[in-house]
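Q: The lines below spell out each chain.
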Amino acid sequence: MNRGYGLQDFVRRCNLAATNDELFGLLEEATTRLGFEQFAMTHHVDMAGLPSDAVHLFSYNRDWVEILVDQRYFVDDPILAASAKTAVGFLWSDVGKMIDLTDRQKSILERARGFGLGDGFTVPVHVPGEYQGTCNFGARSLEKLAPDALPTAQLIGAFAFEAARRIMRASQPIQFPSHVPQLTGRQLDCITLVAMGKTDWEIGRILGISEATAHEHVESARKRYSVAKRTQLVIRALFDGQISFSDILQ
Amino acid sequence: MTLIMKSESYVRGDVIAANMHRARKHVFVDLLKWDVPTVDGEFEVDQFDDDGAIYLISAEPDGTHRGSIRLLPTTRPHILGSLFPHLCDGEVPTGPNIYEITRGCFSPSIGAAARIRVRNQLVTSAVEFALFNGIERFTCVVEGGLYSQLLSLGWVCEPLGLPQMVGSTVMGALQITVTRETPRLLLNAGSYVHSTLELATPALLAA
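These protein sequence lines map, in sequence, to chains Y and V. In terms of my numbering, the first sequence opens at residue 157 and continues consecutively. In terms of my numbering, the second sequence opens at residue 29 and continues consecutively.
Be aware that a few hints might be false.
[To be verified] Derived DSSO-like pairs: lysine-lysine, alpha-carbon spacing no greater than 30 angstroms straight-line:
id: 1; chain 1: Y; residue 1: Lys262; chain 2: Y; residue 2: Lys354
id: 2; chain 1: Y; residue 1: Lys354; chain 2: Y; residue 2: Lys379
id: 3; chain 1: Y; residue 1: Lys262; chain 2: Y; residue 2: Lys300
id: 4; chain 1: Y; residue 1: Lys385; chain 2: V; residue 2: Lys61
id: 5; chain 1: Y; residue 1: Lys379; chain 2: Y; residue 2: Lys241
id: 6; chain 1: Y; residue 1: Lys253; chain 2: V; residue 2: Lys61
[Claimed, not checked] With the C-beta cut set under 8 angstroms, the calculated list includes, among others, these residues of chain Y facing chain V:
id: 7; residue: Leu172
id: 8; residue: Thr175
id: 9; residue: Lys241
id: 10; residue: Pro307
id: 11; residue: Ala314
id: 12; residue: Phe317
id: 13; residue: Ile323
id: 14; residue: Met324
id: 15; residue: Gln398
None of these hints come from the bench; they were simulated from the model. C-beta: ideal position from N, C-alpha, C; glycine also.
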């Protein structure tokens, strides 16, 4: 598999990388060899207050990264928004076809151009129960792309992101599977119904239990999560993959 | 518990085997819209569901399907070798110590968290089954969007070729190396879920 780029070699070195610095170097080299100029590999989290379990490796122009944070552009970044719509890599020039761009999003794309990010390719990284992630490769233009650059970038993004997850795990105290609270089947049923807007009384009717029992299930789940509000409980359960959107939107 | 079965269970009318083929029809035909054959519009059964196939199945005590995967020997016709050899840059890896993982099917009705748990259980079972039986490598054909999920399990994966467009989907081929280290790699990645392997058919790998 050496058409244009030594992919096997990259994967092997990725699997061996022990630090973010090593991984950064590997990605920098891959970026150049594929014909791109800058990369960003990141979980979609609040860049102004990075959680400790988030992947965040940027070779983007520093001024641009500062603007992303200062203007909170990362919140509605059109590339990140588009990445939620697809499982496979996409060209930035196709983003307008994937989502309806707001004026703010159009201006983000325009400003990025001024920092050498005129065009690019984004690999979405969806791991169930985790933050969404992407590996982004940008350049002033894509004229100098190596042969097979896009499918190669797709694999490089996936393998590099996994290496980053592995490195992050190794640097954190061992968390046995997992810090996610254990909920009973009944509690999950109730949370799903709360997410669908049902009251305790309605939940009781649907599940054939009393209103008080339904209330008790929701309350004990809320306590296991140590959150104050039922809304927070729903969000946390969704985030942890305890319930899914398809459960709620059925 | 993970049940290990061969195709004769389905032929014999075993409920758990039938439920697996019914769940596969629901997931692959109804939900994912794959163009694969069905029996009586109720069971998804393809040309590889033959004597060589080995199934790892997780089921409720009443036989309700939770999830399943299929292992195919690469010494016989299998999906990568027969249908998608062009996804490999070199030769398709084949041999008595190489099995292909196919048809990972997890029941949508069990909920997102349980699906992840069942997936981890079956992956762990596949690795342990491999270690017990001298299987050293798994190959598999993956849709582009599933690379990250497969890699996130923590085992050692390598691409066999670049992803390509097949019809309207991006597909690629991977191989997974299984060694005595693999269970620990799964554990470190939080995806090790041990369960007892229960043979539904004796002398599984014979002949």
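Q: Against each hint, give a clear statement of whether it holds in the structure.
A: Hint-by-hint comparison with the structure:
Distance check on the hinted pair: Lys262 (chain Y) and Lys354 (chain Y) sit about 39 angstroms apart at the alpha-carbon level, beyond 30 angstroms; violated. In summary, the hint linking Lys354 (chain Y) to Lys379 (chain Y) is supported, as the alpha carbons are separated by about 19 angstroms, within the 30 angstroms threshold. The straight-line distance between the Cα atoms of Lys262 (chain Y) and Lys300 (chain Y) is roughly 25 angstroms, inside the 30 angstroms bound, and the hint therefore holds. Pair hint Lys385 (chain Y) plus Lys61 (chain V) does not hold up; C-alpha atoms about 40 angstroms apart against a cutoff of 30 angstroms.
Of the supplied pair hints, the one linking Lys379 (chain Y) and Lys241 (chain Y) is violated, its CA atoms being roughly 34 angstroms apart against a limit of 30 angstroms. In summary, the hint linking Lys253 (chain Y) to Lys61 (chain V) is supported, as the alpha carbons are separated by about 24 angstroms, within the 30 angstroms threshold. Because the beta carbon of Leu172 (chain Y) sits about 11 angstroms from the nearest beta carbon in chain V, more than 8 angstroms, this interface hint is broken. A hinted interface residue such as Thr175 (chain Y) counts as satisfied when its beta carbon comes closer than 8 angstroms to some beta carbon of chain V; here the least separation is about 17 angstroms, so the hint is violated.
Taking 8 angstroms as the C-beta contact cut-off toward chain V, the hint placing Lys241 (chain Y) at the interface is violated, the least distance being around 11 angstroms. For Pro307 (chain Y), the interface hint holds, the least distance from its beta-carbon to any beta-carbon of chain V being 4 angstroms, beneath 8 angstroms. Nearest Cβ of chain V to the Cβ of Ala314 (chain Y): about 4 angstroms, under the 8 angstroms cut. The hint holds. Annotation: interface hint on Phe317 (chain Y) holds; nearest CB of chain V at approximately 6 angstroms, less than 8 angstroms.
A least Cβ separation of about 12 angstroms between Ile323 (chain Y) and chain V goes past the 8 angstroms threshold, and the interface hint is therefore violated. Proximity of Met324 (chain Y) to chain V is violated relative to the hint, the smallest CB-CB distance being about 11 angstroms (cut-off 8 angstroms). Interface restraint check for Gln398 (chain Y): the shortest CB-CB distance to chain V comes to about 4 angstroms, inside 8 angstroms, so the restraint holds.
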